[in-house]
Amino acid sequence: DVKVTQSSRYLVKRTGEKVFLECVQDMDHENMFWYRQDPGLGLRLIYFSYDVKMKEKGDIPEGYSVSREKKERFSLILESASTNQTSMYLCASTNGVHQPQHFGDGTRLSIL
Amino acid sequence: ILNVEQSPQSLHVQEGDSTNFTCSFPSSNFYALHWYRWETAKSPEALFVMTLNGDEKKKGRISATLNTKEGYSYLYIKGSQPEDSATYLCAFNNNNDMRFGAGTRLTVKP
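Chains as they are written, first to last, in our numbering: chain V, 1 to 112; chain X, 113 to 222.
In case anyone wonders, no lab produced these hints; they're calculated from the structure.
Incorrect hints may appear among the rest.
[As the list claims (entries may be wrong)] Derived contacts from chain X toward chain V, CB cut-off under 8 Å, selection only:
id, residue
1, Gln121
2, Ser140
3, Phe142
4, Ala144
5, Ala158
6, Arg211
7, Gly213
8, Ala214
Ideal Cβ positions, reconstructed from N, Cα and C, are used throughout, including at glycine.
Can you build the whole structure from these sequences, using the hints too?
Here is the structure:
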């Protein structure tokens, strides 16, 4: 079974902090994604990557950056956390852009 | 941005009721339509991938249909059980991207 592991289930940070959310997958998937989920808005794509050192902006990239130094790891970075970035963050991976995505358990991030 | 709409936003049914909900998506450049089930405190899990107009998929009491020409898919649950309570997400694939709808949150009361 594919395993997508997010480093934290719950995280509390302060406004202005630099925040790192880590995601690791163990199935050698090329494609990795970061989403945020807010009530009534569903999953919104922040950034994605189709290869090592490659990144593409999703629909809501503002205030975020990503890093893909190794194939199995895709990091989401909040450069200077703000309260409107309080959300549930989900990482996903897939072996083809048209294949079902495999998700991590999510990180519930609170910015105070 | 691809527009994927799901309705209703939430749904409450009694145990034993059958129910259905809708996913609407752009009818151009269609490649695939995915359904996911997302239980509270768990990660979303893929239910179906549908690629052909007229496709019908079934897994136990859950089934889905697809109409790519008019841009909609229905998810049906027959004889709902409390363990069916979850958010059901659809995701639309065109040639390049996948985008999710906001989901339908189903609550099945015993």
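- Can we keep the X:Gln121 interface hint, with Cβ of chain V closer than 8 Å? Since chain V brings a Cβ to about 7 Å from X:Gln121, closer than 8 Å, the hint holds.
- Message: Interface hint check: X:Arg211, Cβ to nearest Cβ on chain V, cutoff 8 Å. Holds or violated?
- Response: Cβ of X:Arg211 sits 7 Å from chain V, so the hint holds.
- Task: Using Cβ atoms only, decide whether X:Ala158 comes closer than 8 Å to chain V, and label the hint accordingly.
- Result: For X:Ala158, the interface hint holds, since the closest Cβ of chain V sits about 4 Å away, which is under 8 Å.
- Item | Residue hint X:Ala144, partner chain V, criterion CB-CB below 8 Å | It holds, given that the least Cβ distance between X:Ala144 and chain V is near 5 Å, below 8 Å.
- Message: Interface hint check: X:Phe142, Cβ to nearest Cβ on chain V, cutoff 8 Å. Holds or violated?
- Response: violated (11 Å)
- Please verify that hint: X:Ser140, Cβ, nearest Cβ of chain V, below 8 Å or not. Since chain V brings no Cβ nearer than about 16 Å to X:Ser140, farther than 8 Å, the hint is violated.
- Task: Would you check whether X:Ala214 satisfies its interface hint, that is, whether its CB is within less than 8 Å of any CB in chain V?
- Result: holds (3 Å)
- Cut-off 8 Å, beta-carbon criterion: hint that X:Gly213 touches chain V: holds (6 Å)
Hints 2, 3 from the list above are not met by this structure, while the remaining hints are.
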